Amino acid sequence: MPSIFNRFSPQGQSWRLALALLIVYLVWGTTYYALAVAMQTLPPVLMNGARFVAAGLAMLAIARWQGLAWPTAVQWRASALIGGLMAFAAMALVVLAQKAGIGSGLMATVVTTMPMWLALWTRWGGERVPLTSWLGLVLGAAGAMLLALEGDFSTTLLGTLCAFGAPLAWSLGSYASRKLALPPPAMASAAQWLLGGLMCTLAALLFEPDARAFQWAQVSAASALAWLYLVVMGTMVTLNAYLWLLKNTSAALAGSYSFVNPVVALAVGVWLGGERLTGWVFIALPLIGVALALILYGRPVMDGAATLWRRFSAGRRATSG
403 MPSIFNRFSP QGQSWRLALA LLIVYLVWGT TYYALAVAMQ TLPPVLMNGA RFVAAGLAML
463 AIARWQGLAW PTAVQWRASA LIGGLMAFAA MALVVLAQKA GIGSGLMATV VTTMPMWLAL
523 WTRWGGERVP LTSWLGLVLG AAGAMLLALE GDFSTTLLGT LCAFGAPLAW SLGSYASRKL
583 ALPPPAMASA AQWLLGGLMC TLAALLFEPD ARAFQWAQVS AASALAWLYL VVMGTMVTLN
643 AYLWLLKNTS AALAGSYSFV NPVVALAVGV WLGGERLTGW VFIALPLIGV ALALILYGRP
703 VMDGAATLWR RFSAGRRATS G
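Just remember that this note's numbering sits 402 ahead of the position in the sequence shown, which is counted from 1.
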């Protein structure tokens, strides 16, 4: 992450970790709503490409202002791979899945598989993933799935393939960003976003009919403001926080946003969209809370649960005796 994050954060790694998680949890939870508003009058793939090109150019200016050197050829190639997987492939597959007929509920559920893929690549790469993290990921995905029950679970074969491909591409890009040789954080972000955004823009101009016929006059003020929010908060601030987490914490914790974001998105929907809560949310939220506790604290949580169970069992035996 750019050094400006470290200067802004309070001293201590734990504070930086808490701040980065808070940003990723809250801001990316609001981007569901922002994306819906932006796509009202903007072609989805072109909108996404322009978002990353704009963020990449802005971050490039910051990197050069910091005095960072241009990436080497090896670093450009690594950035192209990561940007192609995350900014281009993952985002484009989400749009294609929606156009191919996948329902919102199923799409939201499939996205929660991302941290499991990331944890799997991490384990295959030789890093240890604790059992408590695996349990947390499963419980978090279950909680997010319960939140998505109000959505549409209809699908098509093409929609399903695209939907599962999106978190797969994002997780591969996330893992690659942990392992490949990259320039300093600000320059790495700039290179990845700029290259991924250019790939996305080119694909839109070649294959998206609405993009080829696009005219600026058709863009509403609401869509323009939502797009600007996605550039600044959704990408420059939050994606930087996520990339920092990938380098400085476990894969399970970095990926935990995928089942926390639906909670925030639900709150935004209730607040701004007039949505109503159902009974599922009161089952889903405790599950997600336990999942985060297992991923964050692991063994102490398991030890505490075991202690409580022993006390409960002892109390029952005493009562029955």
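Source of the hints: derived by calculation from the structure; they are not laboratory data. These numbers were taken from a predicted model, which means no experiment stands behind them. Hints are supplied without guarantee of correctness; some may be wrong.
Label pairs and their computed distance ranges (CB to CB) [as the list claims (entries may be wrong)]:
#1 LEU421 x LEU687: 20 to 26 angstroms
#2 GLN442 x LEU421: 30 to 36 angstroms
#3 LEU459 x ALA624: 22 to 28 angstroms
#4 PRO611 x THR558: 17 to 23 angstroms
#5 VAL476 x LEU608: 24 to 30 angstroms
#6 ALA615 x LEU459: 36 to 42 angstroms
#7 LEU630 x LEU582: 46 to 52 angstroms
#8 ALA619 x GLY528: 53 to 59 angstroms
#9 ALA615 x ALA438: 41 to 47 angstroms
#10 LEU582 x LEU533: 26 to 32 angstroms
#11 TRP467 x LEU421: 38 to 44 angstroms
#12 GLY528 x ALA475: 37 to 43 angstroms
#13 ARG530 x PRO611: 45 to 51 angstroms
Every residue, glycine too, gets a C-beta built ideally from N, C-alpha and C.
Structure versus earlier hints - violations, ascending order: 6, 7, 9, 11, 12
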